[in-house]
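Number of protein chains: 2
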Amino acid sequence: MTTEITLDNIEDLAIGSAFLGTGGGGDPYLGMLLCREALTKYGPVKLVSVDDLADADNVFVAAAIGAPTVMIEKLFSVEDQHYAVNLLEQYLGRSANAIISAEIGGCNSMMPVAYAAMRGLPLVDGDGMGRAFPELQMTAMAVNGISVAPMTLADEHGNSLLIQTKDAKKAERLARPVVAEMGASLCMSCYPMTGTEARTGVVRDTISAALSIGKAVRNSGDNASSAIERLVGALQGHNYYRDAYRLFDGKITEIERNTSKGWVTGRCMISALFGQGEAELIFRNENLVMYVDGQLRCVVPDLITVVDQETGHAIPTERLAYGQRVAVIGCSAPPPLKTEAALKVMGPQEFGLGETYVPIRQLMEKH
Amino acid sequence: MTTEITLDNIEDLAIGSAFLGTGGGGDPYLGMLLCREALTKYGPVKLVSVDDLADADNVFVAAAIGAPTVMIEKLFSVEDQHYAVNLLEQYLGRSANAIISAEIGGCNSMMPVAYAAMRGLPLVDGDGMGRAFPELQMTAMAVNGISVAPMTLADEHGNSLLIQTKDAKKAERLARPVVAEMGASLCMSCYPMTGTEARTGVVRDTISAALSIGKAVRNSGDNASSAIERLVGALQGHNYYRDAYRLFDGKITEIERNTSKGWVTGRCMISALFGQGEAELIFRNENLVMYVDGQLRCVVPDLITVVDQETGHAIPTERLAYGQRVAVIGCSAPPPLKTEAALKVMGPQEFGLGETYVPIRQLMEKH
Chain A
1 MTTEITLDNI EDLAIGSAFL GTGGGGDPYL GMLLCREALT KYGPVKLVSV
51 DDLADADNVF VAAAIGAPTV MIEKLFSVED QHYAVNLLEQ YLGRSANAII
101 SAEIGGCNSM MPVAYAAMRG LPLVDGDGMG RAFPELQMTA MAVNGISVAP
151 MTLADEHGNS LLIQTKDAKK AERLARPVVA EMGASLCMSC YPMTGTEART
201 GVVRDTISAA LSIGKAVRNS GDNASSAIER LVGALQGHNY YRDAYRLFDG
251 KITEIERNTS KGWVTGRCMI SALFGQGEAE LIFRNENLVM YVDGQLRCVV
301 PDLITVVDQE TGHAIPTERL AYGQRVAVIG CSAPPPLKTE AALKVMGPQE
351 FGLGETYVPI RQLMEKH
Chain B
1001 MTTEITLDNI EDLAIGSAFL GTGGGGDPYL GMLLCREALT KYGPVKLVSV
1051 DDLADADNVF VAAAIGAPTV MIEKLFSVED QHYAVNLLEQ YLGRSANAII
1101 SAEIGGCNSM MPVAYAAMRG LPLVDGDGMG RAFPELQMTA MAVNGISVAP
1151 MTLADEHGNS LLIQTKDAKK AERLARPVVA EMGASLCMSC YPMTGTEART
1201 GVVRDTISAA LSIGKAVRNS GDNASSAIER LVGALQGHNY YRDAYRLFDG
1251 KITEIERNTS KGWVTGRCMI SALFGQGEAE LIFRNENLVM YVDGQLRCVV
1301 PDLITVVDQE TGHAIPTERL AYGQRVAVIG CSAPPPLKTE AALKVMGPQE
1351 FGLGETYVPI RQLMEKH
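Top line first, the protein sequences correspond to chains A and B. Residues in the first sequence are numbered consecutively from 1, following my numbering. Residues in the second sequence are numbered consecutively from 1001, following my numbering.
By construction, these hints were calculated from the structure, which means they are not laboratory data. This one's a predicted model, so the numbers in the text were calculated from it and none came from an experiment. We put the beta carbon where it would ideally sit given N, CA and C, even for glycine. Mixed in with the good hints, there may be bad ones.
Stated by the list, open to error - Per the computed footprint, the stretches of chain B lying under chain A, defined by three or more beta-carbons under 8 Å from a beta-carbon of chain A, are:
hint	stretch
1	1154-1161
2	1165-1171
Said to hold, decoys possible - Far from chain B, by Cβ distances over 10 Å, these chain A residues were calculated:
hint	residue
3	Leu7
4	Leu33
5	Asp55
6	Tyr91
7	Ser95
8	Asp167
9	Lys170
10	Met182
11	Ser225
12	Ile252
13	Arg257
14	Gln276
15	Gln295
16	Tyr357
17	Arg361
18	Gln362
Whenever a hint applies, use it, and build me the whole structure from the sequences.
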């Protein structure tokens, strides 16, 4: 098992996280630059299992919140991240022993690495989602009774904010307008946990999962296999993502995208390059549901990612474009996302979809 | 000098504060009910001069923030106020020794009384404005270099929020959207001060000023004088408000009011009942500027209040109505509001007016 994040495997993490972002979560490539700088300056980051945490360890989330489109323009710094974590430490009167990612999918996989490097702290191998989701309450921690608050937000001008609430959905609704006022892209800390809480609360081992997915995609030594074959193989070899399918191959023939209220909602049609068949993909920041010829093939919280047919790299929803040759990959979500309680927080209904959740494996066995 | 606030003089405070609200600041009559309950339960509140504070005393603001129209529907409780003050105490690691009002004009004169009663703490005879203003940065404290932050907001559901910023205007801009999301009417604490800071930072003796103004208006024992004559007399006898004039008497013949972005902006025309003359009043929450036959008579930060011709009671801008018989009273603002530094924060330009500040006395001496 990988026990360190270094300059050598940081790109694996970025590629794997982009896949787990299921079209959303922001572009991890920019965060990778930040990580490279931090890893060069401070050295490698130790990766620890939740099982290796002491019960009383203080695990703090390092994260970004805001519009991915703005994050591209306004890069983060570890100093801004420190404002957010430090305000929380100051308020709680205790210091971080370990850093954790709230969301492995997308750019939120990156800042925790750079920040852990700066603090000289270990990074927990795990996160709150095992993929990407658009809202603060959509985490395994919230489902497992860990409070999102106290949570903190900080901008690059030294302005910061602490929110106290018992309700994670309320935290989301309070934070969102502040994020807009503070520049649409902020650093955040939330879900402060003890080691004991982290063991029962988070989705385990997702950093190493992203590393292995990214490594498989990037490994061009094996000429006999394509990047997509290696990607699907890596997913099938993983404990969470093993029900993995290449759902459809084709060319994007139609794309509708509507950016409003901070969301990118839309629909993408993909037509088979040879022969018959048409796939429909519906997204809101992340890809939510996918049909082939009108038949349901995969629905949230299971993962749907559109990848480039040649490179196997994930294409975020904001970069889907007419004429792209793509494959759609679907795979099973980590078990903590599929409990009855979890589906009430991150199931299809929470996104306004008419579908109820059916595991991808069941859907595919019908065909 | 009055040294206690009791069930006997709380109505004086409400009437005087309504006058000092210059048309804004919310209706203090509802807050009076809250105070009556608290004074009955906990006993009178001791009023202390800033000179009686120890240097290291911790002076905490108790205040409401939001839309006065919502405050009428959603009454405050001292418990909600305690959430806000207590979060600030917890964050700063020190407890309040005295409570102070941020704004003597309007309803923010009342909550500090009820809260001081509940806490068994003295109330400082003073406030941040000596009148009412619509924004957080428009205080003598801000002008005197005292930081608005850390500041806290709390609602009736146990949600609370702490803001850290060096810029009082930024605090205003961060707080406003949160206030909307938290129900448009919240309890707040801000501008935490030591006794030393309070001595140089606040507008002194304004609680006793409001008490004496209210007492004069209410005193119907003296049949020889009208309420308005007594009101103007009380103002003329006061250190701050002594340049006091009955600017105009008449009937409201036109009223334009526009509620948007949390402000009530508008214009009111008043025609002389007998003879010639027309007055124009411009307001944004508070009355800002007043003209008679096109000639400037009074401009912010000097005070302009429309009062009922019979009772002498202040009429808030949201209750101005066609046909009302009114008098317009103008008077000088407390000196801390008229320094060069203060005029940059609360002068006419800050409200988008074309006028520059000329003291009411100078304007009236021309006529």
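Verification of the hints:
1. 1154-1161: holds (count 5)
2. 1165-1171: holds (count 4)
3. Leu7: holds (35 Å)
4. Leu33: holds (29 Å)
5. Asp55: Label holds. Min Cβ-Cβ 25 Å, cutoff 10 Å.
6. Tyr91: violated (6 Å)
7. Ser95: Nearest chain B Cβ is 16 Å from A/Ser95, so the label holds.
8. Asp167: violated (8 Å)
9. Lys170: Given that some Cβ of chain B is not farther than 10 Å from that of A/Lys170, nearest at about 6 Å, it is violated.
10. Met182: violated (7 Å)
11. Ser225: Label holds. Min Cβ-Cβ 51 Å, cutoff 10 Å.
12. Ile252: holds (37 Å)
13. Arg257: It holds; A/Arg257 is separated from chain B by about 26 Å at its closest Cβ, greater than 10 Å.
14. Gln276: holds (50 Å)
15. Gln295: holds (41 Å)
16. Tyr357: Nearest chain B Cβ is 30 Å from A/Tyr357, so the label holds.
17. Arg361: With a cut-off of 10 Å, A/Arg361 remains clear of chain B, as the shortest Cβ separation is near 41 Å.
18. Gln362: Given that every Cβ of chain B is farther than 10 Å from that of A/Gln362, nearest at about 40 Å, it holds.
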